[in-house]
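Enquirer: Taken in order, the sequence shown gives residues 0 to 515; the numbers are from numbering that gives the first Met the number 0.
Keep in mind that a hint or two might mislead.
[Stated by the list, open to error] Result set (DSSO-like, lysine-lysine): computed pairs, CA atoms no more than 30 Å apart in a straight line: (1) Lys448 - Lys466; (2) Lys448 - Lys247; (3) Lys434 - Lys466; (4) Lys434 - Lys448; (5) Lys466 - Lys247; (6) Lys247 - Lys434.
I should point out that these hints are in silico values taken from the structure, not numbers from a laboratory.
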Amino acid sequence: MQLESATPVLRDARRGRTATVVASVIAAALLCVVVAGAFWWQRQSEPARRPDVVFLLIDTLRADRLSCYGYPRPTSPFLDSLAADGVLFEDVTCQFSWTRPSMVSLMEGRYLTAYRDAIEDGVPTLPDAFQRAGYRTVGMVANASVDAETGFARGFDHYDSGDLKASGPIYADFLRDVDELSSSLWQPLATALARDEHGARPPLFLYLHVMDVHDPYDPYPEFDAALPNTSSAPVLPLDWQLETLRAKGAAAADPMAHDRALGELAGERGLYDQGVRHTDQALQRLFGRLRELGVLDHTVLAIAADHGEGLWEHLTPSSDAELATLPPAEFFYQKHGASQFQEVLATPLIVSGPGVERGVRVREAVENVDLFPTLLELCDLPRPNGLHGRSLAPVLRGDGEPASRPRDFVYSFGVHGNALREVATGLKLIMPRGKALAAGHELQLYDLKSDPEERHDLALARPADVKRLVAAFLAWEQAYPTDASLRDRTVERLKAEQGELLRGLGYTGLDVGGDQ
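Build the full structure now, drawing on both the sequences and the hints.
Expert: Structure (structure tokens):
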């Protein structure tokens, strides 16, 4: 395991809810004062107990858009400070490129080798494990598709993800804002923090799932100076986009049309950066209130993402004939569900808390599936049978390597493709399925060490490597079979009841499991 010390790096016109936001913030602040006052005297003699756990999931967050992960723009000063106070994992792979299956994998601590978007009956989950250990469990979720109907509320004393069917896209959009979501948190949190006559309380497991970064990418003018959306984020060569458009895209009647369109896409990427900074600032306010309540006094904090986001770096997974008819904004892929490229699969993981080292960066490859066993071990809880991930607690504590040897491969399953990366060589294989396979896409092989942007497909030039990696992927599928029996039911429900409402969350047919 390679370690190195870390150095901290140091609206809303579309939604039209300013009055609601102000009222919500004021109400939340008043309730926060009341709750803090009620608990202050009891916190002075806190009995010994297991640590609290705060699990923060930032929906659609790319690791490479955080300053602490090397991004040159100042997008994340608060998250950077949290990283400096704990351990940052530099090489993290999510297990699915769409939220619900990704969260199934994370909450169950198991790989998916078939599409499934609901928690399996009888399978222990992360909140289950903490609830059974005597923790009070609270889940506040801004992504309303991660709902009780698909099993995500199991193990929670209080779970609030909104109600897509009852409230529709307007409520779903409302829930995206961190400040508004947090205003719904304080009352159930007060219940969870209630103490007995001796001043004691059970430990807390708090799951916060925010999604302000998710599209549509709203402008935040307060960040225009630090993060101007008029300038292209310095990660995507304009000449590559122009050359690809000219080779495969529709001819532009106006020679400057493509240039203007690509400039607009650069502006949208800038808005994504502003959304990250907005989320960072809102989380700083939320964590300030949690600190006032003593929630962060003796707490394991884990920060992760379900997947990243495509920002027009690769082609939409359509046939060449269809690509030739698409405008640049659709010719290049934006969103996440249909992608297996690194901008979607590489996510952040930051952990801090009692016994965890501070200011350390870990280069070893890890996966989201590792979070479940890691949190259990950090809280001295038994590991249930059937988990596929490995505990990272020894590394977090500075004890050395995890119990198992470093991974040879990392894996991700997707709606339109599967991916396997060989850690030692950096070779990554993408195997199309679903729409991508129907569109005639072939196996792709990339060398991430020499080609981190995944521009040069080596599959035809290196058939022996392709054969070896395909065999490794098939062995993984055989070793970790997924019961896909829930798929038909959940997909039909998605189509019949929630399709239109999920589009209110920004999902389209290309992103959801029902459209393969």
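Enquirer: Compare the structure with each hint and give your call.
Expert: Here is how each hint holds up against the structure:
1. Lys448 - Lys466: holds, 20 Å
2. Lys448 - Lys247: Holds. Lysine 448 to lysine 247 sits at ~27 Å (cutoff 30 Å).
3. Lys434 - Lys466: Satisfied, since the Cα-Cα distance of roughly 23 Å is no more than 30 Å.
4. Lys434 - Lys448: Holds, because 29 Å separates the two Cα atoms, which is no more than 30 Å.
5. Lys466 - Lys247: The hint holds at about 29 Å.
6. Lys247 - Lys434: holds, 19 Å
Checked against the numbered hints listed earlier, the structure breaks none of them; every hint is satisfied.
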